[in-house]
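Engineer: Order-wise, the sequence lines are chains R and A. For the first sequence, the working numbering puts the final residue at 385, and the numbers step up evenly by one. For the second sequence, the working numbering puts the final residue at 385, and the numbers step up evenly by one.
Worth flagging that the hints you see were computed from the coordinates, not collected in a lab. A virtual CB, placed ideally from N, CA and C, is assigned to each residue, including glycine. Check before you lean on any hint, since a few could be wrong.
Simulated DEER-style distance windows between Cβ atoms [as the list claims (entries may be wrong)]:
(1) G92(R) x R355(A): 14 to 20 Å
(2) R286(R) x R286(A): 49 to 55 Å
(3) K120(R) x S349(A): 48 to 54 Å
(4) K120(R) x E350(A): 46 to 52 Å
(5) S349(R) x G346(A): 23 to 29 Å
In case you want the letters, here they are:
Number of protein chains: 2
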Amino acid sequence: MSVDVVTEALAGERRAVARLISVMERGGEEARQALSRLYPRTGRAHIVGITGASGTGKSTLVNAMAKVYRKQGLTVGIIAVDPTSPFSGGAILGDRIRMRDLTTDEGIFIRSMATRGSLGGLARATADAAHILDAAGYPVILLETVGAGQNEVDIARTAQTTLVVDMPSAGDDIQAIKAGILEIADLLVVNKADLAGADNAVAALRAMLDLGAARTEWHHGHLERVEGVVGAGEAWRPPVLKTVASRGEGVAELVTAVQAHRQYLEDSGLKQRREQERVEEGLRRILRHTLLERLLGQISEQNLERTVQRVVAREQDPYSAAEMLMAEAGLDGKKE
Amino acid sequence: MSVDVVTEALAGERRAVARLISVMERGGEEARQALSRLYPRTGRAHIVGITGASGTGKSTLVNAMAKVYRKQGLTVGIIAVDPTSPFSGGAILGDRIRMRDLTTDEGIFIRSMATRGSLGGLARATADAAHILDAAGYPVILLETVGAGQNEVDIARTAQTTLVVDMPSAGDDIQAIKAGILEIADLLVVNKADLAGADNAVAALRAMLDLGAARTEWHHGHLERVEGVVGAGEAWRPPVLKTVASRGEGVAELVTAVQAHRQYLEDSGLKQRREQERVEEGLRRILRHTLLERLLGQISEQNLERTVQRVVAREQDPYSAAEMLMAEAGLDGKKE
Numbered sequence: 050m051s052v053d054v055v056t057e058a059l060a061g062e063r064r065a066v067a068r069l070i071s072v073m074e075r076g077g078e079e080a081r082q083a084l085s086r087l088y089p090r091t092g093r094a095h096i097v098g099i100t101g102a103s104g105t106g107k108s109t110l111v112n113a114m115a116k117v118y119r120k121q122g123l124t125v126g127i128i129a130v131d132p133t134s135p136f137s138g139g140a141i142l143g144d145r146i147r148m149r150d151l152t153t154d155e156g157i158f159i160r161s162m163a164t165r166g167s168l169g170g171l172a173r174a175t176a177d178a179a180h181i182l183d184a185a186g187y188p189v190i191l192l193e194t195v196g197a198g199q200n201e202v203d204i205a206r207t208a209q210t211t212l213v214v215d216m217p218s219a220g221d222d223i224q225a226i227k228a229g230i231l232e233i234a235d236l237l238v239v240n241k242a243d244l245a246g247a248d249n250a251v252a253a254l255r256a257m258l259d260l261g262a263a264r265t266e267w268h269h270g271h272l273e274r275v276e277g278v279v280g281a282g283e284a285w286r287p288p289v290l291k292t293v294a295s296r297g298e299g300v301a302e303l304v305t306a307v308q309a310h311r312q313y314l315e316d317s318g319l320k321q322r323r324e325q326e327r328v329e330e331g332l333r334r335i336l337r338h339t340l341l342e343r344l345l346g347q348i349s350e351q352n353l354e355r356t357v358q359r360v361v362a363r364e365q366d367p368y369s370a371a372e373m374l375m376a377e378a379g380l381d382g383k384k385e
Numbered sequence: 050m051s052v053d054v055v056t057e058a059l060a061g062e063r064r065a066v067a068r069l070i071s072v073m074e075r076g077g078e079e080a081r082q083a084l085s086r087l088y089p090r091t092g093r094a095h096i097v098g099i100t101g102a103s104g105t106g107k108s109t110l111v112n113a114m115a116k117v118y119r120k121q122g123l124t125v126g127i128i129a130v131d132p133t134s135p136f137s138g139g140a141i142l143g144d145r146i147r148m149r150d151l152t153t154d155e156g157i158f159i160r161s162m163a164t165r166g167s168l169g170g171l172a173r174a175t176a177d178a179a180h181i182l183d184a185a186g187y188p189v190i191l192l193e194t195v196g197a198g199q200n201e202v203d204i205a206r207t208a209q210t211t212l213v214v215d216m217p218s219a220g221d222d223i224q225a226i227k228a229g230i231l232e233i234a235d236l237l238v239v240n241k242a243d244l245a246g247a248d249n250a251v252a253a254l255r256a257m258l259d260l261g262a263a264r265t266e267w268h269h270g271h272l273e274r275v276e277g278v279v280g281a282g283e284a285w286r287p288p289v290l291k292t293v294a295s296r297g298e299g300v301a302e303l304v305t306a307v308q309a310h311r312q313y314l315e316d317s318g319l320k321q322r323r324e325q326e327r328v329e330e331g332l333r334r335i336l337r338h339t340l341l342e343r344l345l346g347q348i349s350e351q352n353l354e355r356t357v358q359r360v361v362a363r364e365q366d367p368y369s370a371a372e373m374l375m376a377e378a379g380l381d382g383k384k385e
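Just chain R, with the same shape it has in the complex (with noise of 0.2 Å):
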């Protein structure tokens, strides 16, 4: 790679942030070096999540959001990450369709993320991708997820802010789904709103959300957020919010609600915390992948294939031989 990309991308030069991104999703020892040029200039922009099921309007909320952001001069990278789908076809498709209403604006940077390998290797590259975006000096980044699963809660982790979207619905089985999503979520949009039933739903979030508070007491991992407001001698309470993106009404109270976050964000010191707590997570995951594949390049595809084989004939349980391949790789941290 040349040094120019980095040098272009910090620049915010468009082309050189895509091919940047690129590479950051091939991983490796390139990757690296460009991530640790970029690095010192990340921290500025705020990353919004944008998650929900499937149906519920994200990618024109999204769309909405950055129009009023652009509004107000800021410039916007959108990064939309699609973990149900194994092809990339799905991103392409979900680009195209977004380049069509955007595409005119330069102010506005469009990347799809589909899933290339494992779960863990989307979570970081999207991660990479945000950073690329901060340095390239875009002061608001929205990060958009389908679904309501574990990858989606990790991925958000990424985000300082996290919406979760909804959609007016006779169906009870949708709400059991929520119960996980809502942890993580900053503010609630109910969007579609024009749809009958869309005050039933924000009663519903509501009374959900009162629930989630009263976890918090016994919940560790809600302890984070009942510090936070000892902390800040008040509470985050979510709002829940009404929107009908595709004729852009509510979005100008959401962006103004999500700037109410970040400055509680800044307020309450919470901001500190939760950055401390993502980049451990993202070192973790760093870690997990980095040991993974330098094991992988320390025992040949014979050796390995082997061991596999020993294992199906059950003549060996995979926790040992993963001690084996470990101890063969030197990797089992005894330094002789």
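Starting from the structure of chain R, add chain A where the hints point.
Structural biologist: Leaving out everything else, chain A in the frame of chain R:
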């Protein structure tokens, strides 16, 4: 752990099996030792994965399938995985609902597993639980996961036969979510087939399957299936079945189709090849986890915290920081 728990579990003693699964969930040395004793006794069960979106009636279907197997005189182990909830509450609730229905039958063992810590941990614990039930002599293991993300794909890899459950629906969004999960389907089920639109759902799934079959020619991930076809002389075309699980309709036919797939796996040689992939993926999972665990055991908490602070302050990029931690723990693969 007393030696007797493993011995008792191998003899099929239910409480010992339950205790052993808890040991596996906690992980660590105790789990590894137990597994190395159990492992030679595994490989006899047929592990059937059941996945699909929330609300499709998967739990009801799993219960109905268990009853069919019981009528055939087979005992059944059920593992219900809920990766969407960081709380075990949802899983416990699911257990209770099931208990009402199946609790009186000693030939059925039910266990729910929710996310504790990392998702990789959940996939590993699920695989270990399946190993235990296998070694304990359950000839059929039903492994139920919620959702359609990469999580479920990873967990479903433990299964030899994977069912994807759908239901009639008016929405197009649902179809989009399924593009990824269809890749792993050996059988498709349209449950709640008494609702309007069941035949449309069957037709839509068949169309998507045909599209997927066309893709196999150029998509690497599917080459395995193509090769399997070449080797066996005939392809497995995933059947699409209709069920009304709440009334038991179509469930006996589904179980027959599952058994036909098992036969196909054996006759085509695909069973052996998939088992190798499963073992290799399992080894990677264990290595990733163990290597990180070992590294964190070798560096002090203060050191980790100082490193995090340096990265937060942008004095060091995360990849360089990871390098340093690996070197300090002697896990950089360089023996001195």
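Engineer: Of the numbered hints stated earlier in the document, which are not met by this structure?
Structural biologist: none
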